[in-house]
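A.B. asks: Residue numbers (UniProt numbering), protein chains in the order written: chain A, 1 to 211; chain B, 1 to 302.
Note that these hints are calculated values from the structure, not bench results. Heads up, some of the hints might be wrong.
[To be verified] Residues from chain A shown here face chain B by an in silico Cβ test under 7 Å; the list is partial:
| hint | residue |
| --- | --- |
| 1 | R38 |
| 2 | A39 |
| 3 | M94 |
| 4 | L99 |
| 5 | L101 |
[Stated by the list, open to error] Pair by pair, the computed Cβ-Cβ distance ranges are:
| hint | chain 1 | residue 1 | chain 2 | residue 2 | range |
| --- | --- | --- | --- | --- | --- |
| 6 | A | T41 | B | G178 | 42 to 48 Å |
| 7 | B | S79 | A | E163 | 44 to 50 Å |
| 8 | A | D97 | B | T53 | 31 to 37 Å |
| 9 | B | T53 | A | E46 | 34 to 40 Å |
| 10 | B | D274 | A | Q37 | 45 to 51 Å |
| 11 | A | D97 | B | P210 | 33 to 39 Å |
| 12 | B | R31 | A | D169 | 38 to 44 Å |
| 13 | B | S32 | A | H45 | 33 to 39 Å |
| 14 | A | H45 | B | V33 | 33 to 39 Å |
| 15 | A | E163 | B | G178 | 52 to 58 Å |
[What the hints assert, rightly or not] Below are the SDA-like pairs computed for lysine to any residue, each with C-alpha atoms no more than 25 Å apart in a straight line:
| hint | chain 1 | residue 1 | chain 2 | residue 2 |
| --- | --- | --- | --- | --- |
| 16 | B | K35 | A | V30 |
| 17 | B | K82 | B | W117 |
| 18 | B | K64 | A | G146 |
| 19 | B | K64 | B | T43 |
| 20 | B | K64 | A | G119 |
Each residue gets a CB set at the ideal place from its N, CA and C atoms; glycine is no exception.
Here is what each chain is made of, one letter per residue.
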Amino acid sequence: MCARKRAESDAEASGAADPTAPGTGTARTVLDGPEIQRALTRIAHEVLERTKGAHDVTLLGIPSRGVPLARRLAERIERVEGRAVPWGSLDITMYRDDLRLAPARALGRTDIPPQGIDGRVVVLVDDVLFSGRTVRAALDALSDIGRPRAVQLAILVDRGHRELPIRADYVGKNLPTSLRETVDVRLTETDGRDAVLLGPARPRPGEEDDR
Amino acid sequence: MRHLLSTGDLSREEATLVLDTAAELAQVSGRSVKKLPTLRGRTVVNLFYEDSTRTRTSFELAAKRLSADVVNFSAKGSSVSKGESLKDTALTLQAMGADGVVVRHAASGAAHRLAGWVDGAVLNAGDGTHEHPTQALLDAYTMRARMGRVEGLRVAVVGDVLHSRVARSNVLLLHTLGAEVTLVAPPTLMPVSVHTWPCAVSYDLDAVLPKSDVVMLLRVQAERMRHAFFPTAREYSRRYGLDRDRLARLPDDAIVMHPGPMVRGMEISAEVADSPRSTVNEQVANGVSVRMAVLYLLLGGS
Chain A
1 MCARKRAESD AEASGAADPT APGTGTARTV LDGPEIQRAL TRIAHEVLER
51 TKGAHDVTLL GIPSRGVPLA RRLAERIERV EGRAVPWGSL DITMYRDDLR
101 LAPARALGRT DIPPQGIDGR VVVLVDDVLF SGRTVRAALD ALSDIGRPRA
151 VQLAILVDRG HRELPIRADY VGKNLPTSLR ETVDVRLTET DGRDAVLLGP
201 ARPRPGEEDD R
Chain B
1 MRHLLSTGDL SREEATLVLD TAAELAQVSG RSVKKLPTLR GRTVVNLFYE
51 DSTRTRTSFE LAAKRLSADV VNFSAKGSSV SKGESLKDTA LTLQAMGADG
101 VVVRHAASGA AHRLAGWVDG AVLNAGDGTH EHPTQALLDA YTMRARMGRV
151 EGLRVAVVGD VLHSRVARSN VLLLHTLGAE VTLVAPPTLM PVSVHTWPCA
201 VSYDLDAVLP KSDVVMLLRV QAERMRHAFF PTAREYSRRY GLDRDRLARL
251 PDDAIVMHPG PMVRGMEISA EVADSPRSTV NEQVANGVSV RMAVLYLLLG
301 GS
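Please put together the full structure from these sequences, using the hints given.
C.D. replies: This is the structure:
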């Protein structure tokens, strides 16, 4: 079960193939561990600057890879400001627009900090920004939970190919890709190491799926 | 998983997936907007040939919280009273485009037959004395929520096992999930085939109580009894009813469950029913989350 969920969330998070799987060719590392750390530190500073001290900021990671990223950002902001920033996770499975295209999938965790999100600046955090459909679903999910004062988006890798009018406020790395490529984000918390891999596309039975 | 007809069809992974999904969906009940867009545009028909306010309302609420359209169909006052067969009713629903059919029927196996006639998913909401899978799932969910686990729990299921679909569904599911079940009933209320079930059997409630983490009482289904199965209600109550004295024999953290509706004073004393160790109202609340989970898993995907 766990293994299957992991495989699904890989595809979910980044439309990525497992580069170690047979027949997928070789993947190129575009960001290594220290580079990911630096990108996150820079985003943390940008969040602080833009929200003038992050006093009313809540970080919400989108499962699965967005959640450890949100936690890391919260840690960095706390280190700089000496003040804890609430963070949690926001599962968007029930709000996806492609639910009927695949068998029902397991839900991720939704964990809203006790302060709630009413009147706060919510920063959504995810690993890869692709078509923008995940973010659209997250905006729907947010509006069912409360009414944030503003919503911003922090992303580790923006690979382009947007299908909706959505852009990120904070970007770790802009990575121009071809639709035939896959971006695979590995994080220590979920995969044992930090890396962003660019690989050739896995042959898909259906149409292109970004999530 | 296309239909939910029996808990015996569920693997341990599938059953755990339902419970985990229900745990996530339980959060929705605590929000001000108790609705998800997941089943928008889908139609769920509640096809109830037997009276049941609790189960029908629970399924209706679950489907509505997932934004499905719900049609309630009860046999009373419908074409069934004009002599329409289950198959024709099923084909009518099919023609109306039902994506899911929740069926409650007095005949064991009705849900299984229905699954052969309609394209949509069939959810068994109780067929005769056979099964009631969502009740067993919500019971397991309640145990897990209260006790922190299901595996290794010692569960005593007490009462009218013979007429109970809840007992059979629970035995199969709890066995799959790794709990030890003991059925306790007067010999006249024990099914003949009980030795083939994956559970222990006892006729002595007092001997079983000290070794039980969960006591699940069953309703004595007087409406299914065409002749006497025990001398008097008073004698049944004395030997198999749960009162304060019996409650004291349970381990300290043990819980008391009842699928409802309760017959107070006979199966369970009012004092026990209202005690903090009784989970009766939690079971009802958990029922909505579990049914949302089942509807999502059956109808949410392709």
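A.B. asks: Each hint needs a verdict: does it hold in this structure or not?
C.D. replies: Against the structure, the hints come out as follows:
Proximity of R38 of chain A to chain B is violated relative to the hint, the smallest CB-CB distance being about 34 Å (cut-off 7 Å). The beta carbon of A39 of chain A is not positioned within 7 Å of any beta carbon in chain B (closest approach about 31 Å), and the interface hint is therefore violated. With 7 Å as the threshold, the beta carbon of M94 of chain A comes within range of chain B, its nearest partner Cβ sitting at about 4 Å, so the hint holds. The beta carbon of L99 of chain A comes within 6 Å of a beta carbon in chain B, closer than 7 Å, and the hint placing it at the interface holds.
Nearest Cβ of chain B to the Cβ of L101 of chain A: about 6 Å, under the 7 Å cut. The hint holds. Between T41 of chain A and G178 of chain B the beta carbon distance is about 46 Å. The supplied range of 42 to 48 Å therefore holds. The beta-carbon spacing between S79 of chain B and E163 of chain A, approximately 48 Å, falls within the hinted interval of 44 to 50 Å. For D97 of chain A and T53 of chain B, the hinted distance range of 31 to 37 Å is satisfied, since their beta carbons lie about 36 Å from each other.
For T53 of chain B paired with E46 of chain A, a C-beta distance near 56 Å fails the hint of 34 to 40 Å. Range check, D274 of chain B to Q37 of chain A: Cβ separation about 57 Å, and the 45 to 51 Å hint is violated. At about 55 Å, the CB distance of D97 of chain A to P210 of chain B disagrees with the hint of 33 to 39 Å. Checking the proposed 38 to 44 Å range against R31 of chain B and D169 of chain A shows it is violated: the Cβ atoms sit about 26 Å from each other.
Separated by about 35 Å at the C-beta atoms, S32 of chain B and H45 of chain A satisfy the suggested range of 33 to 39 Å. Remark: the range hint 33 to 39 Å for H45 of chain A to V33 of chain B is upheld by a beta-carbon distance near 35 Å. Remark: the range hint 52 to 58 Å for E163 of chain A to G178 of chain B is contradicted by a beta-carbon distance near 45 Å. Between K35 of chain B and V30 of chain A, the direct Cα distance comes to roughly 41 Å. Violation of the 25 Å bound is thereby established for this hinted pair.
About 21 Å separates the Cα atoms of K82 of chain B and W117 of chain B, which keeps this hinted pair within 25 Å; it holds. Restraint check for K64 of chain B and G146 of chain A: the C-alpha separation of about 20 Å stays at or below 25 Å, so the hint holds. In summary, the hint linking K64 of chain B to T43 of chain B is supported, as the alpha carbons are separated by about 10 Å, within the 25 Å threshold. Taking the CA atoms of K64 of chain B and G119 of chain A, the gap is near 29 Å; set against the 25 Å cutoff, the hint is violated.
The structure shown violates the earlier hints numbered 1, 2, 9, 10, 11, 12, 15, 16, 20.
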